[in-house]
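Number of protein chains: 2
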Amino acid sequence: MGALKIGSGHPIVVQSMTNTDTHDIRRTLRQINQLTAAGCELVRVAVPDQAAIPALKEIIAHAPVPIIADIHFDYRLALEGMKAGAAGIRINPGNIGGKEKVSRIIDMARDKGVCIRLGVNAGSLEKDLREGARRKGQAGAMVASALRHIAFFEKKKFANLKISLKSSDVRQSVLAYQLLAQKVDYPFHLGITEAGTLVSGAVKSALGIGLLLYQGIGDTLRVSLTADPREEIKVAYEILRSLGLRRRGIEIISCPTCGRCQIDLFPLAQRVEKAVQRYTEPLKVAIMGCVVNGPGEARDADVGIAGGKGLGLLFAKGQQLRKVEEKDLFQSLLGEIEKTIQEKN
Amino acid sequence: MGALKIGSGHPIVVQSMTNTDTHDIRRTLRQINQLTAAGCELVRVAVPDQAAIPALKEIIAHAPVPIIADIHFDYRLALEGMKAGAAGIRINPGNIGGKEKVSRIIDMARDKGVCIRLGVNAGSLEKDLREGARRKGQAGAMVASALRHIAFFEKKKFANLKISLKSSDVRQSVLAYQLLAQKVDYPFHLGITEAGTLVSGAVKSALGIGLLLYQGIGDTLRVSLTADPREEIKVAYEILRSLGLRRRGIEIISCPTCGRCQIDLFPLAQRVEKAVQRYTEPLKVAIMGCVVNGPGEARDADVGIAGGKGLGLLFAKGQQLRKVEEKDLFQSLLGEIEKTIQEKN
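Line by line, the protein sequences give chains A and B. Numbering-wise (the working numbering), the first sequence opens with residue 3 and increments by one. Numbering-wise (the working numbering), the second sequence opens with residue 3 and increments by one.
Hints listed in this document are in silico derivations from the structure and should not be mistaken for laboratory results. Since this is a predicted model, take the numbers as computed values, not measurements. Every residue, glycine too, gets a C-beta built ideally from N, C-alpha and C. It cannot be assumed that every hint is accurate.
Ranges between beta-carbon positions, derived for each pair [as the list claims (entries may be wrong)]:
#, chain 1, residue 1, chain 2, residue 2, range
1, B, 293, A, 32, 23 to 33 Å
2, A, 327, B, 279, 34 to 44 Å
3, A, 248, B, 330, 54 to 64 Å
4, B, 333, A, 136, 52 to 62 Å
Take these sequences, add in the hints, and give me the full structure.
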C-alpha cells in the first residue's frame with residue numbers, strides 16, 4: 003500500500019469503495035477526492051470489465067490515496083488491474099475459476115509487490131460450502147473457505163495477504179473473524195456486508211466491527227452503507243473514536259432532551275454538527291439542554307453549553323464563561339470552537 | 003412494572019423517554035402512543051416541578067405502557083410521582099439532598115411496590131467523586147457512587163432496584179457496568195448518555211450497549227439520541243436483533259452499491275424501508291445491486307431482489323421467482339413481503 007501500513011500494530015486504516023460507474027473517470031475521481039477529504043485512506047474501485055481498465059489506470063494516476071481493484075469472475079481483470087497500478091486487489095478466489103488462474107494472479111502480485119485481499123463473503127460462498135453454511139451457520143463455512151484459499155497461497159509462498167469474512171449477520175461475522183484469528187496471523191479487513199441503510203447499517207457495522215476491535219481483532223475496516231460513502235467514513239471514525247483507537251474531527255456530546263429542556267436543542271446540535279464537519283482536530287463539544295447533566299458535560303468537554311430558560315451557559319476548557327441568549331448560541335459556540343482549534347494549532 | 007418483567011432472564015426491555023413538556027398532557031400522551039406503536043415497552047417522563055404532578059397522573063391514567071417518573075433535586079416530587087401512580091421512579095440519590103429524604107422515598111416505594119432506578123450519570127456525580135473521575139476515569143467514580151447508594155438502600159432492606167451507570171464515554175460506561183456486574187446482582191438499565199445526533203448517537207449506543215449485552219450484561223436499555231425518540235426504539239431493536247436477543251420488524255439487507263450496480267438502488271431501499279415500518283413480523287428482506295452477492299443474499303432472505311441491467315431477479319423463500327422490470331421492483335417486493343407475512347400469520 004505504499005506509505006500506508008496495515009497490520010502489525012499500525013493505526014486501523016479506514017477505507018471505502020466508490021459507487022460511481024468506474025468507466026466515468028471524472029465522477030469516480032470526484033468521489034475519491036470527497037472520500038479522502040472525509041478521512042478515507044484507501045479506496046476500492048470495482049473493475050467489472052475490460053473497458054474499465056483504462057479508466058482504472060487514469061483514476062489511479064490522479065487519486066490522492068492508494069486504490070484497490072475489486073475483481074470478480076475474470077482473472078484477467080486482476081492482472082490488468084495490477085498492470086494499471088492498483089496498490090492492492092480484492093478477489094474472492096472461489097469465483098475466479100480455478101487454481102491455474104489464481105496462480106497467474108499470485109505470480110504477478112509477487113512480481114509487482116501487490117497486496118491481495120481474500121474477500122470471503124457469505125453471499126458468494128463456493129457451492130460445496132453453501133449447504134454447510136445453511137445447516138451449521140455461515141461462520142464455519144466462511145472460515146473453511148478462507149483457510150482453503152490461504153493454504154493455496156501459502157503453498158505458492160505468497161504471504162502479502164489481507165483477509166475478510168463478511169456476512170450480513172453480525173454474529174456470524176464476529177464469530178468467523180474470531181475463529182480465523184485463532185488460526186492465522188494475517189491482517190484482517192473488517193466489515194459487515196450489506197448492512198443496510200444509513201442508521202440500521204451504522205448500528206450493525208458498529209456492533210460487528212466494534213465487538214472485534216474491542217477484542218483486538220482487525221487492522222483495516224470498511225463500513226458498508228446503502229448511503230453516500232462519505233457517511234461510511236463518518237461512521238468508521240465514530241467507531242474508532244468511541245473505542246479510543248483513533249480520534250479525528252469533532253465529537254458532539256448532546257442530550258436527547260426531555261420535559262426539562264427549555265431551549266430548541268435539536269436544530270442547534272444539527273447545525274453545529276454540520277458546521278464543524280470540516281475540522282479534523284479532535285475536540286469534544288457538549289450541547290446540553292438542562293442543569294441536570296448539562297454543566298457537568300459542558301465542563302468536561304473542550305467547549306460546551308448547558309441550556310437554561312431561553313439561554314445557555316457557555317463553557318470552555320472546564321470554565322464557565324458567560325450566559326448567552328438562545329439566538330446567539332450557535333455563533334458563540336462556533337466562535338469558541340474555532341478559538342480552541344487555533345490555540346491547539 | 004406490573005406485567006412487564008425486567009431482569010432474571012426475561013427478554014431485554016426497550017424503553018425511552020418523552021421530550022415533550024410534561025405539563026402538556028396531550029402532546030406527551032401522543033408521544034407515548036407513538037413510542038408504544040414503535041415497540042417501546044416502558045416510558046420515562048421528566049417531573050421537573052410540582053405543577054407537573056397532576057399532568058403525570060393524567061398521563062399515567064391514559065398511557066398504554068408503564069410510566070417511570072424521572073426525578074431530580076426534590077424528593078417531594080418522587081413521593082408525589084409515586085402517589086400519582088408511577089410504576090417506577092428514577093433518581094440520582096446524589097442530588098436528592100441527603101439520606102433523610104432518600105429514606106422517605108424508600109419508605110413510600112416499599113409501601114407501593116414501586117421500583118427505583120439508581121441512575122448514576124457521569125455528568126452529575128457527587129462533588130467528592132468528581133476529582134477522582136477526572137484523574138482516574140469516570141468508571142471507578144460511577145461505580146463508587148452506585149455502591150454507596152446501594153449500601154444505603156440495602157441497609158434499609160430495599161431491593162426493588164435497577165441500576166444504571168451512564169457516561170457519554172463508551173469505554174468508561176462499559177467498564178463501569180462490567181465492574182459493577184462483578185459486585186452486585188440487580189437488574190441493569192443500559193445506556194450511553196448524551197450520545198449525540200442520530201447517526202453518531204446510534205453508533206455510540208450500539209457500541210456501548212452492544213458490548214455489554216454481548217457479555218450477558220443488561221436487562222433493559224434506553225438508546226439516547228438527539229432525535230425523534232422513535233428513532234431510539236428503532237436503534238434499540240436493531241441492536242437486539244443483530245445480537246440475536248430479540249426480533250421485531252423487518253430487517254433490510256442492502257448493499258452499498260459499487261461500479262457494478264445497474265439499478266437505482268438507494269431510493270428503492272429507502273422506499274421499501276419506509277413502507278415496511280408498520281410491520282412487526284420479523285422478516286429479512288434483501289435489496290441487492292448485482293450478481294456478485296445479490297442472488298446469495300436474496301436467496302437467504304425471506305424476500306429479496308438481486309439487480310441486473312434495468313431489472314431485478316425476485317426471490318422468495320429461497321426460490322428465484324421471476325425477472326421484474328426496475329420500475330415495478332417496489333410493488334413486486336412489497337407484494338411478496340405482504341404475502342409472506344400473511345402466510346406466516
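For this session: Could you tell me whether the CB distance from residue 327 of chain A to residue 279 of chain B stays inside 34 to 44 Å?
Result: 39 Å, holds
Exercise. Between residue 293 of chain B and residue 32 of chain A, is the Cβ distance one that fits in 23 to 33 Å?
Worked result: For residue 293 of chain B and residue 32 of chain A the Cβ distance comes to about 27 Å; the hint holds.
Problem set entry | CB-CB spacing for residue 136 of chain A and residue 333 of chain B relative to the 52 to 62 Å hint | 30 Å, violated
For this session: Starting from the range 54 to 64 Å, see whether the pair residue 248 of chain A and residue 330 of chain B falls in it by beta-carbon distance.
Result: 45 Å Cβ-Cβ, so the 54 to 64 Å window is violated.
When held up to the earlier numbered hints, the structure conflicts with 3, 4 and fits the remainder.
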